[in-house]
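K.L.:
Next come the chains, spelled out residue by residue.
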Amino acid sequence: MVKNNNNSHSKDTRSFLNDALKDFRTKPDPNERLRSLWKIGQLIDRTTDEELYELAAAAAVEEDHRVRGEICYAISRSQRPGLKNQLIQLLRAMAQDDDHYVRRSAITALGELGGIRELTLATIDPVLDDVESLKAVVEKLGQEMISLHESIQEFSNADSSVSDQDETVMDDYMISWETYLRHENKLLQEHKGDFVAIYRDKIVGIDDDQIKLAEDVYDKYGLVEALICKIEVEDEPIQIPPARVIVG
Amino acid sequence: MPELIVSEKPYEKHEGTACFAPYVNVSISALTGRKQVEVSFKARIDTGADITCIPSEKAKMLMPLLLGKPVLIRAHDGSIKRARTHLVIISIHSYPQGEEVKTYRPERGVLLTDSDIGLIGMDIISKYWKLNFDGIAHRFSVESA
Numbered sequence: 000m001v002k003n004n005n006n007s008h009s010k011d012t013r014s015f016l017n018d019a020l021k022d023f024r025t026k027p028d029p030n031e032r033l034r035s036l037w038k039i040g041q042l043i044d045r046t047t048d049e050e051l052y053e054l055a056a057a058a059a060v061e062e063d064h065r066v067r068g069e070i071c072y073a074i075s076r077s078q079r080p081g082l083k084n085q086l087i088q089l090l091r092a093m094a095q096d097d098d099h100y101v102r103r104s105a106i107t108a109l110g111e112l113g114g115i116r117e118l119t120l121a122t123i124d125p126v127l128d129d130v131e132s133l134k135a136v137v138e139k140l141g142q143e144m145i146s147l148h149e150s151i152q153e154f155s156n157a158d159s160s161v162s163d164q165d166e167t168v169m170d171d172y173m174i175s176w177e178t179y180l181r182h183e184n185k186l187l188q189e190h191k192g193d194f195v196a197i198y199r200d201k202i203v204g205i206d207d208d209q210i211k212l213a214e215d216v217y218d219k220y221g222l223v224e225a226l227i228c229k230i231e232v233e234d235e236p237i238q239i240p241p242a243r244v245i246v247g
Numbered sequence: 000m001p002e003l004i005v006s007e008k009p010y011e012k013h014e015g016t017a018c019f020a021p022y023v024n025v026s027i028s029a030l031t032g033r034k035q036v037e038v039s040f041k042a043r044i045d046t047g048a049d050i051t052c053i054p055s056e057k058a059k060m061l062m063p064l065l066l067g068k069p070v071l072i073r074a075h076d077g078s079i080k081r082a083r084t085h086l087v088i089i090s091i092h093s094y095p096q097g098e099e100v101k102t103y104r105p106e107r108g109v110l111l112t113d114s115d116i117g118l119i120g121m122d123i124i125s126k127y128w129k130l131n132f133d134g135i136a137h138r139f140s141v142e143s144a
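Sequence lines, in order, name chains A and B.
For what it's worth, numbering that gives the first Met the number 0 labels the leading residue of the first sequence as 0, then goes sequentially.
For what it's worth, numbering that gives the first Met the number 0 labels the leading residue of the second sequence as 0, then goes sequentially.
Honestly, the hints are just simulated from the structure, not real lab data.
There's no promise every hint is true.
As the list claims (entries may be wrong) - Here are the computed lysine-lysine pairs in the DSS-like style, where the Cα-Cα straight-line distance is at most 27 Å: (1) Lys211/A <-> Lys126/B; (2) Lys12/B <-> Lys68/B; (3) Lys83/A <-> Lys21/A; (4) Lys12/B <-> Lys229/A; (5) Lys80/B <-> Lys219/A.
With the sequences and hints as input, model every part of the structure.
P.N.:
Next comes the structure, spelled out in structure tokens:
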């Protein structure tokens, strides 16, 4: 009699489980599917290996994070030596889930199912990924720093080409150019648009006629390398084709 | 009224260059014209050059020259350098006659290159020239203000 009762109870349980499994497979509403999963979770030890694995695989990719978290809990309560490896693989993947609750549930389940080793791996693995990402970011930053340093160096070289020459050559032209720079603000204020003639460290003429200035310089100093330029704010750098322009 | 100074001149290809291109015959002299030396060379019409460039070997024949304000140059690799400019008169020879027909005094001066070919840059082109390039017939014409 007792045996019959047990059999009857067993049949009812199986029927209850089948209904829950069916509901989980067919109900479109996530809330109903979650309720089905709770019921299945209570009877997880009654599922076959095939049912459990199919259920776990389906729930693992559910959109609703509660369903994904719940299946982790259900798995943690199952005692299936034959399915252990497959379930651990599944849980490892879920331990990388975007959702915090799912990750935590998966890691807890891994601890239950695989012991301390799985728990440690599940905890460290995502961190290792972060470390790798950080390493890549640091390397990229390092390269950008080198590139920036080179650009600054290049800019400094371009900007200081005059003073470099001051140290080495400092010919009449450089002295004239330096003189112009010293007087540039005043010249811009008082003679913007005119031409200025500078020879060595002296302003030797200002005129709106460039040719007349040149004649004046030659008359006064002979054929010399004087500077004659328009008094204006310096333009943007000019563009030239990759011909071999002589700089300096 | 622009004057036709180069008429249907064929493109030329020069040593060290990759393709046929429009070249004009050019003479240079010092800004005041006090030092009379015949200095001639070929110059390519180059809209990619903001400023006219002349071969340094040719410029040396006129030295000492008056100098213009040094300019900042951005090369095609992005680097920026400062280069000195020289004040010269550029004379263009007509084609087919071959006479010096037009003279220009680039206000900012010209750059020196270590090439034996000059470049007529936008300082002259955009101010004085009307150009007609016939890439199919490989010929070009220049009208100048």
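K.L.:
Compare the structure with each hint and give your call.
P.N.:
Verification of the hints:
Between Lys211/A and Lys126/B, the direct Cα distance comes to roughly 22 Å. Compliance with the 27 Å bound is thereby established for this hinted pair. Taken as a hint, the Lys12/B and Lys68/B pair is broken in the structure, with Cα atoms around 33 Å apart against an allowance of 27 Å. For the given pair, Lys83/A sits about 24 Å from Lys21/A by alpha-carbon distance, which is consistent with the 27 Å threshold. Distance hint between Lys12/B and Lys229/A is unfulfilled; the C-alpha atoms sit about 37 Å from each other, more than 27 Å.
Using a Cα cut-off of 27 Å, the hinted pair Lys80/B and Lys219/A is violated, with the two alpha carbons roughly 33 Å apart.
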